[in-house]
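For the protein sequence lines, the chains are E and X, in the order given.
With this note's numbering applied, the first sequence corresponds to residues 289 to 502, in that order.
With this note's numbering applied, the second sequence corresponds to residues 289 to 502, in that order.
Hints are computed from structural coordinates only; laboratory data are not their basis.
Possibly wrong hints are sitting among the right ones.
One copy or two, it doesn't matter: identical chains are merged, so the pair holds either way.
Simulated pairs of lysine to any residue, SDA-like, Cα-Cα distance not exceeding 25 Å [said to hold, decoys possible]:
1. K488 - Q302
2. K463 - D473
3. K488 - L472
4. K435 - F297
5. K463 - T402
6. K328 - R390
7. K463 - M447
8. K397 - A482
9. K328 - P489
10. K328 - A442
11. K488 - D456
12. K328 - V426
13. K488 - R359
14. K397 - L495
15. K488 - A415
16. K488 - D344
17. K488 - E301
Note that the structure is a prediction, hence the values are computed from the model and not measured.
Number of protein chains: 2
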Amino acid sequence: MQHILSEAFPAMEQRYRANLLNCISGFKSLHLVGTINLNKQTNLAPFSQVMHIGADPALIGLLVRPHTVSRHTLENILETSVFTLNNVREDFLLQSHHTSARWDESEFKECRLTPWYSTRLTAPYVAEANVRIGLKLVETHTLKTNKTVLVVGAVQEIMFPRNCLMADGYLDMEKAGSLTSLGLDSYHHTQALARLSYAKPDRLPSLLQLDLVE
Amino acid sequence: MQHILSEAFPAMEQRYRANLLNCISGFKSLHLVGTINLNKQTNLAPFSQVMHIGADPALIGLLVRPHTVSRHTLENILETSVFTLNNVREDFLLQSHHTSARWDESEFKECRLTPWYSTRLTAPYVAEANVRIGLKLVETHTLKTNKTVLVVGAVQEIMFPRNCLMADGYLDMEKAGSLTSLGLDSYHHTQALARLSYAKPDRLPSLLQLDLVE
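Pulled out of the complex, with its shape left as it was, chain E reads as follows (with noise of 0.2 Å):
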């Protein structure tokens, strides 16, 4: 086992300590984030931040970093109030990682994505997603410690493939095909496991088998 104390983190260099530090707390959902600003100018970003913080209400959040190309993300959510997030998928995994760099026009049209709109939000999503949300923002929190923000969106809509819904309500991300992200660049598929009953303390948990809604 390799054990590294926090005093060596300053000495190591920029992109080792980036690479050492987004990796080791694991691996993370991964979006592209659409936003539109007041003048139609729309933007895509890549995001691995993303967290559930609540279904009822239905409420997702997304960790902004200062000093980042995503800014635009976050002045665009701060003008119009509203964002989406879309899957990311083999097929266009080259495109979504290409918005990550410093573009002058928007990242749909450098990058070859489709901008789709639907009649609730004004915020683009990506058409080539298969797995769609749309936010309207509820709240921002900025961190003390390295001013990142918080963005807390309230769910407008949800989209995904018809074959993916279960009967219970767990939706089959693996058969949609998203990915999941590893670090800074790394992007990773998925083979399931097990789902597991709840947790309860007079027995062991054992192995759902549940049925596909059609």
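Based on these hints, arrange chain X on the given structure of chain E.
Chain X only, in chain E's frame:
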């Protein structure tokens, strides 16, 4: 494509809605959070809302939902200011999932997981985990909308298997055997697809091939 508007959420059966909305935001990291109170009672609980907040200084966030059995985690962190994150692997997945039940005594004892202590922190680590992070409380933010608490911790130390570190600081969590989770009860292995080069406007991202640190 199935399209659900937010107006449909309140009428959904509670567990169905929880499954759907926990899944829709995608794969998450999976950790056992180890804490201890001032009476030396240990606690262990599974968390999937863990996020990278920064590398310099090294910060990790943990989202603690209100009104769940995991409130002991938050109470202990506020009491002692320290907590640990421990990765979950297939060989102790059942025990890890079982820690989410309502136990009277410490989940370490009830679920047959082994506490391990470093000299750095009073909070317990999980000996079965091979990726471990020790953290000290920096700040908390309580969301107005549903009282969820974002706990921000400063990384005090990290531990991981020797054969997982690449020359550029990338940690191969797949080789470490870390699982990823989806929704409330689904666990997945991962399969590496690609590491992609730092994105620049003048070229398409390319595959990275990097050396392992011996």
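Hints, one by one, checked against the model:
no.: 1; hint: K488 - Q302; in the structure: between (45 Å within a copy, 19 Å between copies)
no.: 2; hint: K463 - D473; in the structure: both (23 Å within a copy, 16 Å between copies)
no.: 3; hint: K488 - L472; in the structure: between (37 Å within a copy, 14 Å between copies)
no.: 4; hint: K435 - F297; in the structure: within (20 Å within a copy, 33 Å between copies)
no.: 5; hint: K463 - T402; in the structure: within (22 Å within a copy, 36 Å between copies)
no.: 6; hint: K328 - R390; in the structure: within (19 Å within a copy, 51 Å between copies)
no.: 7; hint: K463 - M447; in the structure: within (14 Å within a copy, 34 Å between copies)
no.: 8; hint: K397 - A482; in the structure: between (40 Å within a copy, 24 Å between copies)
no.: 9; hint: K328 - P489; in the structure: between (54 Å within a copy, 22 Å between copies)
no.: 10; hint: K328 - A442; in the structure: within (22 Å within a copy, 39 Å between copies)
no.: 11; hint: K488 - D456; in the structure: within (19 Å within a copy, 43 Å between copies)
no.: 12; hint: K328 - V426; in the structure: within (22 Å within a copy, 39 Å between copies)
no.: 13; hint: K488 - R359; in the structure: between (44 Å within a copy, 17 Å between copies)
no.: 14; hint: K397 - L495; in the structure: between (45 Å within a copy, 23 Å between copies)
no.: 15; hint: K488 - A415; in the structure: between (42 Å within a copy, 23 Å between copies)
no.: 16; hint: K488 - D344; in the structure: within (23 Å within a copy, 41 Å between copies)
no.: 17; hint: K488 - E301; in the structure: between (47 Å within a copy, 21 Å between copies)
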